[in-house]
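This note's numbering runs 21 ahead of the 1-based position in the sequence shown.
One should not assume that every hint holds.
Here are the computed lysine to aspartate or glutamate pairs in the EDC-like style, where the Cα-Cα straight-line distance is at most 20 Å [stated by the list, open to error]:
no., residue 1, residue 2
1, 42, 52
2, 56, 41
3, 131, 185
4, 131, 55
5, 56, 185
6, 42, 87
7, 42, 55
8, 131, 206
9, 131, 49
10, 42, 185
11, 131, 87
12, 131, 51
13, 42, 59
14, 131, 52
15, 169, 98
16, 42, 188
17, 131, 98
18, 131, 59
Derived Cβ-Cβ restraints for the label pairs, each shown as a range [as the list claims (entries may be wrong)]:
no., residue 1, residue 2, range
19, 40, 106, 31 to 37 Å
20, 49, 105, 42 to 48 Å
21, 102, 137, 17 to 23 Å
22, 59, 113, 22 to 28 Å
23, 58, 103, 27 to 33 Å
24, 49, 218, 46 to 52 Å
25, 59, 151, 35 to 41 Å
26, 155, 189, 22 to 28 Å
27, 171, 38, 37 to 43 Å
Calculated from the structure, these hints are not laboratory results. Just so you know, even glycine gets a beta-carbon here, dropped at the ideal spot from N, CA and C.
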Amino acid sequence: MAELQHRTRNLMGVIRSTADKTGRASNDLEEFREKFHDRLNALARVQGLLSRLNEHDRVTFDELIESELSAMDGSAERTSLEGPSGVRLRSSTVQTLAMALHELATNAVKYGALGQPAGRLSVRWTLDEQGDGGRPWLHIDWRESGVKMPGGGEAVAGTGQGRELIEQALPYQLGAQTSYVLGPDGVHCTIAIPVSATRSARETPDE
Numbered sequence: 022m023a024e025l026q027h028r029t030r031n032l033m034g035v036i037r038s039t040a041d042k043t044g045r046a047s048n049d050l051e052e053f054r055e056k057f058h059d060r061l062n063a064l065a066r067v068q069g070l071l072s073r074l075n076e077h078d079r080v081t082f083d084e085l086i087e088s089e090l091s092a093m094d095g096s097a098e099r100t101s102l103e104g105p106s107g108v109r110l111r112s113s114t115v116q117t118l119a120m121a122l123h124e125l126a127t128n129a130v131k132y133g134a135l136g137q138p139a140g141r142l143s144v145r146w147t148l149d150e151q152g153d154g155g156r157p158w159l160h161i162d163w164r165e166s167g168v169k170m171p172g173g174g175e176a177v178a179g180t181g182q183g184r185e186l187i188e189q190a191l192p193y194q195l196g197a198q199t200s201y202v203l204g205p206d207g208v209h210c211t212i213a214i215p216v217s218a219t220r221s222a223r224e225t226p227d228e
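Could you put the whole structure together from the sequences, leaning on the hints where they help?
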């Protein structure tokens, strides 16, 4: 019950913050409704992953990225995923990281690699067992290519709140190291975060 109450308070805080930020970034009620609905769906997907865990298990990164991208219709044929399976995420990082991935995926569908016929998305990740401070770190590389970018200094639509989440919230809340670059043919984003010290039991070879 204590764990349930703790998670519920955290979730309510995330929803309240999401509503506030979405409201400030929306031009009208209809835009707010669409964006807020999408972000609530992303949170619901995370809660679905968390609800299936026992008390000693963790959500893995491959589960999280596959869950988010599978919610984006028509993206599979233009997406490449590569990295070790079973990298366990700390419970305190899952929701915030999921929202960052959701923002990246949503922008890719609307404006980037998953919304243009020539676009491609590559998501690669590696696990550094002895990262900063002697802790294991997950390094995520999100790279879009084949995107026709706006010319003449025109701003790319839809990047504001997602970029703020990646460049400010992830480092502040999770101690992450991030970068977000609008390249000549698409977004290139890197995220490095500390993760749980052990791999998922189902991914650990028999001794």
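Original post:
Holds or violated: are the alpha carbons of residue 131 and residue 98 at most 20 Å from each other?
Top reply: This hinted pair holds, its Cα atoms lying about 16 Å apart.
Original post:
Does 46 to 52 Å hold as the CB distance between residue 49 and residue 218, or does it fail?
Top reply: 47 Å, holds
Original post:
For the pair supplied as a hint, residue 131 and residue 49, is the alpha-carbon distance within the 20 Å limit?
Top reply: 19 Å, holds
**OP:** Measure nothing beyond the straight line between the CA atoms of residue 42 and residue 52; if it is 20 Å or shorter, mark the hint as holding.
**Re:** 13 Å, holds
Subject >> Agreement of residue 42 and residue 188 with the hint, judged by alpha carbon distance not exceeding 20 Å >> reply: With Cα atoms ~15 Å apart, residue 42 and residue 188 stay inside 20 Å; holds.
Subject >> Outcome of range test on Cβ distance (residue 102, residue 137; 17 to 23 Å) >> reply: Cβ of residue 102 to Cβ of residue 137: about 19 Å, so the range 17 to 23 Å holds.
Original post:
In this structure, is the beta-carbon distance linking residue 155 and residue 189 contained in 22 to 28 Å?
Top reply: 26 Å, holds
Original post:
When you take the CB atoms of residue 40 and residue 106, is the distance between them in 31 to 37 Å?
Top reply: Since the Cβ atoms of residue 40 and residue 106 sit about 34 Å apart, the hinted range of 31 to 37 Å holds.
Original post:
Going straight from one Cα to the other, do residue 131 and residue 185 come out at no more than 20 Å?
Top reply: Given pair residue 131, residue 185 holds - Cα atoms ~18 Å apart, limit 20 Å.
Original post:
Within 20 Å, alpha carbon to alpha carbon, are residue 42 and residue 185?
Top reply: It holds: about 10 Å lies between the C-alpha atoms, which stays within 20 Å.
Original post:
Has the given pair, residue 42 with residue 87, been kept, meaning a C-alpha gap of at most 20 Å?
Top reply: 26 Å, violated
Original post:
Does residue 131 pair with residue 51 here, judged by a C-alpha cut-off of 20 Å?
Top reply: OK: residue 131 and residue 51 at ~17 Å, within 20 Å.
Hint check: violations occur at hints 6 and 27; the rest are consistent with the structure.
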